[in-house]
Amino acid sequence: MATSVQISRETSGAGAKTRPGTLVGVSRVVVDVVLKPEISDPQGQAVLGALGRLGHDSIRSVRQGKHFVLEVDGTPDEAELKQIAETLLANPVIEDVELHLTTD
Amino acid sequence: MRIGVLTFPGSLDDVDAARAVRLAGGEPVALWHADHDLKDVDAVVLPGGFSYGDYLRAGAIAARAPLMQDVVDRAKQGLPVLGICNGFQVLCEAGLLPGALTRNSHLHFRNRDQVLQVERADTAWTTDYSEGQRIVIPVKNGEGRYVAADADLDRLEGEGRVVFRYVDGNPNGSSRDIAGVTSEDGRVVGLMPHPEHAVEDLTGPSTDGLGFFTSVLKAVVAA
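Just so you know, the sequences run in chain order U and G. Counting from 1 along the first sequence, just add 4 to a position and that's the residue number in the numbering used here. Counting from 1 along the second sequence, just add 489 to a position and that's the residue number in the numbering used here.
Do not rely on the hints blindly, as some may be mistaken.
Stated by the list, open to error - Cβ pair distances, simulated, as ranges: (1) G:E646 <-> U:V66: 31 to 37 Å; (2) G:L501 <-> U:R67: 51 to 57 Å; (3) U:E75 <-> G:R491: 24 to 30 Å; (4) U:E82 <-> G:E673: 42 to 48 Å; (5) U:A50 <-> G:E646: 27 to 33 Å; (6) G:W521 <-> U:A50: 47 to 53 Å.
What the hints contain is simulated information worked out from the structure, not anything from laboratory work. Model, not experiment: these values are computed from the prediction. Each residue gets a CB set at the ideal place from its N, CA and C atoms; glycine is no exception.
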């Protein structure tokens with residue numbers, strides 16, 4: 005089964021470079037991993053149940069995922085990052101990936 | 490017959506697995522995840538536990554351990570491999586078995602004696618059972634819900650790759666009550682329940698688990 009990998013690219017301008025703690029020459033890549041829509045998410049459902057008990061009745065659904073922040077020396081190699089995301093950070097049987105690249 | 494038991498950081502049931510091998514008449518051989526040395530074993534057991542604390546996903550980091558590369562290479566040449574619980578998760582993460590194990594549908598850790606139906610009695614690890622036989626062995630997991638895409642499940646069923654099914658209640662919400670699956674060649678088997686905990690009347694609910702370890706000794710001789 006193929007993992008769906010969505011890649012978004014943004015130009016940082018004042019963004020990544022001026023982020024506190026970000027080193028010059030180091031890029032920041034964000035990888036979000038979410039369960040495929042057809043895989044049930046009991047943890048998300050438990051959170052939804054808690055929200056209902058707290059009176060947040062307008063929340064229709066919750067899907068829980070993982071958020072990775074990678075700091076990369078130099079310019080990120082998109083193909084390499086895609087491979088990392090598909091082969092380790094996500095399990096293509098059950099998860100999809102969103103890769104957020106920030107470039108200068 | 491030398492049966493390797495692979496220990497990762499966080500493995501828990503490697504000692505019980507080694508003991509089951511010994512009770513079945515085999516020679517257990519301790520294997521360490523960080524070595525590149527399979528020590529001339531005739532088969533490998535990946536034991537239960539929480540390798541690498543289940544970080545990232547259960548079994549995900551263990552599946553990339555140095556010795557697992559050797560296990561994957563040799564398994565593709567027919568080395569019998571049994572993955573129990575966390576070991577099953579490792580085999581799925583390593584791509585030796587299809588599907589994935591996810592959080593139990595009810596979110597509870599489930600620990601109980603479990604009835605299984607044997608669906609395949611011709612894999613390297615199940616010849617001492619008969620098809621349709623029911624056995625009782627412990628199950629204990631928090632992330633044991635077997636999932637795969639419907640089309641993949643249909644294909645697995647069509648190819649007879651389901652080795653065990655849960656009977657009298659599905660403990661974790663696994664698709665189609667699947668408790669264990671096998672590779673195309675029937676040499677690699679993974680299951681969530683623990684046969685190594687059912688090898689002596691004193692300590693287990695039955696001795697039904699012993700058959701895994703006696704079966705593989707015959708499979709090794711026959712190979």
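Status of the hints after comparison with the structure:
1. G:E646 <-> U:V66: 31 to 37 Å: Given range 31 to 37 Å: holds, Cβ gap about 32 Å.
2. G:L501 <-> U:R67: 51 to 57 Å: violated (31 Å)
3. U:E75 <-> G:R491: 24 to 30 Å: violated (45 Å)
4. U:E82 <-> G:E673: 42 to 48 Å: Given about 34 Å between the Cβ atoms, the range is violated.
5. U:A50 <-> G:E646: 27 to 33 Å: holds (31 Å)
6. G:W521 <-> U:A50: 47 to 53 Å: violated (38 Å)
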